[in-house]
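J.: Those sequence lines, one after another, are chains A and B. The first sequence lines up with residues 1 to 486 when you count with our numbering. The second sequence lines up with residues 487 to 569 when you count with our numbering.
It should be emphasised that the hints constitute simulated quantities derived from the structure, not laboratory data.
Each computed SDA-like pair below joins lysine to any residue, with the alpha-carbon atoms no more than 25 angstroms apart:
hint : chain 1 : residue 1 : chain 2 : residue 2
1    : B       : Lys556    : B       : Glu492
2    : B       : Lys567    : A       : Gly73
3    : A       : Lys181    : A       : Val212
4    : A       : Lys469    : B       : Asp546
5    : A       : Lys265    : B       : Thr553
6    : A       : Lys14     : B       : Gly559
7    : A       : Lys14     : A       : Ser28
8    : A       : Lys288    : A       : Glu276
9    : A       : Lys469    : A       : Met479
10   : A       : Lys481    : B       : Thr498
11   : B       : Lys517    : A       : Ile466
12   : A       : Lys288    : B       : Gln547
13   : A       : Lys261    : A       : Gly73
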Amino acid sequence: MEIEAVNTSDKKNKLWAFAITGVLIVISMMYYSANVFYMYLIPYIWFGFAYGMMLQYGRFCFASASRDLFAAGVPRMAVGILVALVFFSFIQATLASTNMSTFHPAPFGPHTLIAGLIFGVGMVLAGGCASGSLYKIGEGNGTSFLAAFFGLSIGQAIFVDLGGIFNKFLPKSWIASSALKEIPASSAVPPEKVTSWFDVYLSGYIWDLPSVQLSGTKAMSEALPGAWKYFIADSLITAIIPALALLCVIYAVYIRKGFIKKRTKEKGRTTGFGDELAGMWKMITASKRTTLMGVLIGITAGLHIFVMKGMHLKFGADNFGKLLTKMGHTADVATGGTVFDPGYWYITSQEAQLGAWILQKFGWDMRDNIFFGVNNGLPELWRNPALWMSLGIVFGAMVMARLSNEFKFKLPKGELIAWGLIGGLLMGIGSRPALGCNIGAFFIRVAGGDPSGWLYGIGMVTGAFIGVKFFNWWSERKMAKEMEAF
Amino acid sequence: MAMKFEKKGEGTYMLDVCGYVCPHPQIYCKKSLEKMGEGETLEMIFDNPSSAETIIQMLDQAGHELTERKQEGGKIIFRIKKG
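Please model the complete structure; the sequences and the hints are all you need to start from.
T.: As structure tokens, this is what we get:
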């Protein structure tokens with residue numbers, strides 16, 4: 001009887017997986033038949049789908065990289081991310097050297113560190129990072145939905161549009177610098193679009209900061225001619241060497257003692273360098289599914305950039321906003337004629353657009369600011385390229401979870417409602433000032449040779465440490481209460 | 487929703503963290519094992535698949551033994567012997 005029930009549920013799950021995939025295929029075909037320009041959306045859907053499948057299979061969540069290390073001493077996810085980084089940075093360098101990269105570095109400054117710290121606390125409380133929350137929604141996780149929808153989407157949209165009293169706390173230097181960029185009747189920065197504190201922060205602080213890509217520095221350009229600067233400066237120096245160094249540190253702190261003790265006992269002799277290498281290898285392969293997905297995610301993220309560059313070349317447009325304008329959807333785009341279209345794996349801005357789109361429907365003017373009004377636009381949801389990537393992640397993870405019978409609707413209850421909402425909001429607040437999250441501000445930047453990615457990473461890990469300390473205290477209290485009975 | 491940590495018998499404990507998401511199942515698992523004596527058994531019930539991978543590695547590193555694992559519907563059940 002029990003076996004029969006399991007078989008029925010197994011069949012039902014498979015049916016769901018095929019149905020979801022089928023619907024996405026039909027949607028892709030409908031886009032293509034509606035207008036050839038909509039072909040641009042299709043890679044976003046399917047790369048999102050692929051990320052979702054891989055994230056779910058590998059239990060790949062940036063939050064767990066630092067959190068599980070601090071909370072349980074388990075390095076599997078930290079290893080997975082560093083492995084992904086090594087592969088992705090190499091492909092990124094290959095693409096950059098052939099002028100096929102869509103990567104652009106971000107403004108470098110202390111704001112990155114602070115934003116990372118806030119994001120780090122948020123991802124631990126919410127139970128998943130920006131991409132992790134999406135794949136967990138695909139598993140039926142209601143807490144992740146709260147974090148992604150109310151925190152990352154609605155919270156982030158409100159965060160960038162807050163004005164009034166919040167503008168009174170802004171430094172005078174930012175206000176002065178911002179005023180210089182306000183150009184009446186211009187699509188650059190019309191004064192009526194500088195209304196929120198975030199507008200002044202962007203135009204008066206962020207835009208004044210330098211962007212650094214190691215291969216673009218004078219020293220590296222002179223020392224490494226041609227394509228070498230991408231492989232040596234961006235990939236090897238910025239990503240691969242620090243990633244390998246971190247692997248060594250993680251091994252030394254969390255694995256070495258236990259492994260060497262066990263090894264000495266087994267072999268009955270003192271250990272040497274070969275044993276250390278064996279320990280490192282054991283750490284890397286301890287969770288095969290996570291490490292394997294690290295390799296695949298790294299390669300897929302590189303392929304994604306390659307395909308999006310291909311789209312740019314095919315349509316002669318480096319931003320989907322130009323194609324939307326050609327199709328007559330001028331209300332979708334920002335004053336600069338663009339919409340948010342990263343050209344690679346990215347999470348949080350499209351969620352802010354989702355929140356802003358909803359608030360706009362309720363009468364809140366969300367286009368009166370730089371973030372939506374001048375830079376990213378507010379396209380209808382079905383014409384939002386990056387939002388399709390996020391939906392793709394949710395559905396890809398859902399298909400994978402269904403195939404492995406791991407899908408389960410879990411409504412958030414009790415304390416998880418608070419953690420989901422607070423954590424999601426902190427992730428929203430922590431991603432916007434740095435112009436990205438664990439993916440856009442850390443993973444993509446580091447792999448592209450932008451050192452500000454490491455700054456965000458340091459902040460994120462520190463924030464995760466604080467979050468874990470809090471949860472340790474919280475759970476200890478609850479355990480003590482439970483143990484009163486015995 | 488509440489986590490349950492109960493003593494079921496001599497040297498046998500039960501931890502139920504169904505409904506909890508990361509990092510709660512792994513934190514409660516670690517803390518439960520810390521409260522138990524060597525050789526005692528913990529039956530852990532949870533429904534967050536992402537936690538399973540971390541818990542398995544945590545047990546291996548700490549020298550505990552995962553003696554049984556099964557899945558019932560969306561629930562995952564681990565039987566762990568503290569090492």
